[in-house]
Amino acid sequence: MNPENYIILSGLLFTIGALGVMIRRNAIVVFMSIELMLNAANLAFVSFARINGTLDGQVVAFFVMIVAAAEVVVGLAIIVTIFRTRRSASIDEPNLLKY
Amino acid sequence: MTEIGTGEAIVFWVCAVLSVTGALGLILSRRTVHSALWLALTMISLAVLYIANAAPFLGMVQIIVYTGAVMMLFLFVLMVVGVDSADSLVETLRGQRVAAILLAVGFGVLLTAGLGSALSGIPMAGLDAANAEYGGNVEGIARLLFSDYIIAFEIVAALLITAALGALVLTHRERWRPKLTQADLMRQRIASGAPGPLPTPGVFARHNAVDTPALLPDGTLAEQSVPAPLRARGDLRPVDIGAVEETRALTEGEAVFGPTVTPVADDPGASPGERS
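Protein chains in written order, with my numbering: chain A, 419 to 517; chain D, 770 to 1045.
It cannot be assumed that every hint is accurate.
To be verified - Restraint ranges, calculated between C-beta atoms of paired labels, are given here: (1) Trp945/D x Arg505/A: 31 to 39 Å; (2) Ala887/D x Arg505/A: 45 to 53 Å; (3) Ser506/A x Pro825/D: 38 to 46 Å.
Stated by the list, open to error - Among the chain D residues that face chain A by a calculated CB cut under 7 Å, a handful are: (4) Leu815; (5) Val834; (6) Leu896; (7) Ala901; (8) Gly909; (9) Leu914; (10) Ser916.
Derived by calculation from the structure, the hints in this document are not laboratory data.
On a predicted model such as this, the values are computed, not experimentally measured, just so you know.
Glycine residues also receive a C-beta, built at the ideal position from the N, C-alpha and C atoms.
Excised from the complex, chain A in its bound form (with noise of 0.2 Å):
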C-alpha cells in the first residue's frame, strides 16, 4: 500500500461532502456534509504530515478541528433560530430577502 491511498480516499470523501452540500435541502444534513468535508481535508494533512516527516500538518488538522467545533456551536444555534421562526429547517425556506 501506498501512502497516496489515503489522500485519495480524503479526496473521495470531500466529494461526496461536496455533494450532500449540493443535493440536500435539510440545513442540519448539510451543516453534516461541511463537517465531512472537514474531516476529509483532516484526514489528507494529518497523511501530509506523515509523507512529510513533520508534525506542522497534525497541528494544522487540531486547529481544523477546534475551529470545526466553533462553526458547529454557531450554525446550529442559527438553524435554531430560524426554525423558531420559520418553523422549517429546509435551506428553500429562508427566502424573505429576496422580496
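We have chain A already, so just place chain D on it with the hints.
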C-alpha cells in the same frame, strides 16, 4: 523513509470502506437522524485512520470532539427541530440534482486522478524522527503549538469564546410577558370554569373505552370526558340509548339497578349529538 506494513493496509481498507459507506449513508438517508448516525460511523472510522496514520493524539481528539461533542450537539438540535423531519423530494430548481451528481462525479474523478498521479510512488518520510525529538507525538505537537503556532493558538481561544457567546446571543429569547406564578395559574384555572379534572370516559364502569363519553346524572353526554384528539376527529362512540335512559332513571330514583331494567331503545344507532 518508512514503509506501510500489511497490518496498516488491512486497517486502511476496512476503515476506508466503512467511512465511504458512512458518507454515502449520510447523503442518501431520507431521515436526518439516520444521516447523523451514518456520520458518526464515518467519524469513528476516520479516528481509527488517524491513529493508524501516526497521529494518536488527533485520533483521540477526533473521538472526543467529533463523535462525543459535535455529533451529540447535532442530535440535540435534531430533537429540538423534530426527529422525523424528512427531506422533501420536490426539486426547487429543475435538474439541480442531476447536475449536482454529474458535477460531483467529475470533480471526484479529477481530484482522485490528479492526486493519485501526482503522488504515486511518493516517498514517505515517516514521523518517527519528529516524534522522537521531544519524546512522543503529544509532546511534539505541544512543542509546536506553544512556540511556532502560539499566535494562532491565542486567536483560536478568542474564537472559541466568541462562538460560545454567539450561540448564547443567537438562541436567547426575550421574555415579553411576566412569568406565570402558581397563583396566576390557579386564577386561570378558576376563570376557565372547570377547575377540577375533566370527567373520565366510560359509562358507569360498563364501558371503559376511552372513546365512550361519560354520562352526566341527567343522562346527557359529557363530551369533555373524551380526549381532545378523539373529539376533534369526531370519533365519539355512540352510547347505547338504554344506558342513557337507565342512568337518568337511576339518578332520579325511578328504578333499581339490575337486569330487570330493560328500557326499550327507539333508535340504538342514534348519534350522541342528537341526544343532547
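Under 7 Å is the threshold here; is the Cβ of Val834/D close enough to any Cβ of chain A for the hint to stand?
holds (6 Å)
Regarding Ser506/A and Pro825/D, is the given constraint of 38 to 46 Å on their beta-carbon distance met?
holds (43 Å)
Tell me if Ala901/D is really an interface residue toward chain A, meaning its C-beta lies closer than 7 Å to one of theirs.
For Ala901/D, the interface hint is violated, since the closest Cβ of chain A sits about 11 Å away, which is over 7 Å.
Hey, does the Leu815/D contact hint survive, CB to chain A under 7 Å?
Hint on Leu815/D: holds, closest Cβ of chain A at ~5 Å, below 7 Å.
At a threshold of 7 Å, is the proposed contact between Leu896/D and chain A supported by beta-carbon distances?
holds (5 Å)
Hint validation: Gly909/D versus chain A, beta carbon distance must be below 7 Å. Holds or violated?
holds (5 Å)
Does the Cβ distance between Ala887/D and Arg505/A fall inside 45 to 53 Å?
holds (49 Å)
When you take the CB atoms of Trp945/D and Arg505/A, is the distance between them in 31 to 39 Å?
With Cβ atoms ~19 Å apart, the hint is violated.
When the nearest CB of chain A is found for Leu914/D, is that gap smaller than 7 Å?
At about 6 Å, which falls below the 7 Å cut-off, the nearest Cβ of chain A leaves the hint on Leu914/D intact, so it holds.
Does Ser916/D pass the interface check with chain A, least Cβ-Cβ distance below 7 Å?
violated (11 Å)
In terms of the numbered hints stated before, the structure departs from hints 1, 7, 10, listed from lowest to highest.
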